[in-house]
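I would like the entire structure built from these sequences, with the hints used as guidance.
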Amino acid sequence: MFVLKRVVLAFLAGPPLLLSAYAVDASAIYGVNHTHWAINRFSVDGRSAVDSIGRYQGGGGGCCYSAPERWHSGLTVRVDWETGAGSSRDFPGTRDWPKFLEWEKKILAQKRRHSKVVSVPDYTGQDVCGITVHFLPCDEIQVTTSCYAYGSPEYPIKIPLELPEPQSCPAQPTDQQKT
Numbered sequence: 005m006f007v008l009k010r011v012v013l014a015f016l017a018g019p020p021l022l023l024s025a026y027a028v029d030a031s032a033i034y035g036v037n038h039t040h041w042a043i044n045r046f047s048v049d050g051r052s053a054v055d056s057i058g059r060y061q062g063g064g065g066g067c068c069y070s071a072p073e074r075w076h077s078g079l080t081v082r083v084d085w086e087t088g089a090g091s092s093r094d095f096p097g098t099r100d101w102p103k104f105l106e107w108e109k110k111i112l113a114q115k116r117r118h119s120k121v122v123s124v125p126d127y128t129g130q131d132v133c134g135i136t137v138h139f140l141p142c143d144e145i146q147v148t149t150s151c152y153a154y155g156s157p158e159y160p161i162k163i164p165l166e167l168p169e170p171q172s173c174p175a176q177p178t179d180q181q182k183t
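Be aware that the sequence shown starts at 5, since it is given in our numbering, and climbs by one per residue.
Quick caveat, the hints were computed from the structure, so don't treat them as lab data. Be careful, since some hints might not be right.
[What the hints assert, rightly or not] Label pairs and their calculated CB-CB ranges:
1. Pro-174 to Pro-125: 17 to 25 Å
2. Cys-173 to Trp-75: 26 to 34 Å
3. Phe-104 to Asp-131: 47 to 55 Å
4. Ala-113 to Glu-166: 23 to 31 Å
In this text, all values refer to a predicted model and were calculated from it rather than measured experimentally. Ideal Cβ positions, reconstructed from N, Cα and C, are used throughout, including at glycine.
Structure, rendered in structure tokens:
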């Protein structure tokens with residue numbers, strides 16, 4: 005039954021995954037947002053995590069991240085994401101159209117696109133349950149393939165959900181673009 009589920013999943017995900025159905029398990033992509041910005045969208049190696057994540061929340065659930073059967077040194081993933089306003093509390097409604105357009109312009113000006121390649125931690129001897137991306141202040145990220153839930157004692161990333169934003173961030177390579 006388990007093998008049948010993997011073959012069906014691989015068939016739905018496409019021919020490349022079908023060819024490797026017996027070598028990998030395909031699992032969901034999740035995210036944990038430790039910042040005051042919303043994560044409007046994100047993907048891992050081009051695979052969408054489906055939904056947005058509000059400030060200081062978790063979310064995702066898109067299909068599928070497939071870890072190689074064996075971890076190897078130099079294993080990385082590319083994470084692409086967009087940040088933006090974490091709240092629509094200033095939304096003026098649409099009755100006053102110029103006011104709405106001004107609000108929309110302000111919201112759009114806050115959007116940023118990011119992209120980073122990060123190392124996947126060694127999972128040798130462990131079960132792999134998809135991938136979880138942790139979004140941190142200063143556009144930093146960490147990933148894990150742990151099967152444990154965020155916050156459990158066994159979970160490898162011990163960062164508190166609500167991290168304070170620093171006054172300034174270290175200079176980074178140009179990985180941000182306005183949209």
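Verification of the supplied hints:
1. Pro-174 to Pro-125: 17 to 25 Å: 22 Å, holds
2. Cys-173 to Trp-75: 26 to 34 Å: 30 Å, holds
3. Phe-104 to Asp-131: 47 to 55 Å: 49 Å, holds
4. Ala-113 to Glu-166: 23 to 31 Å: Given range 23 to 31 Å: holds, Cβ gap about 25 Å.
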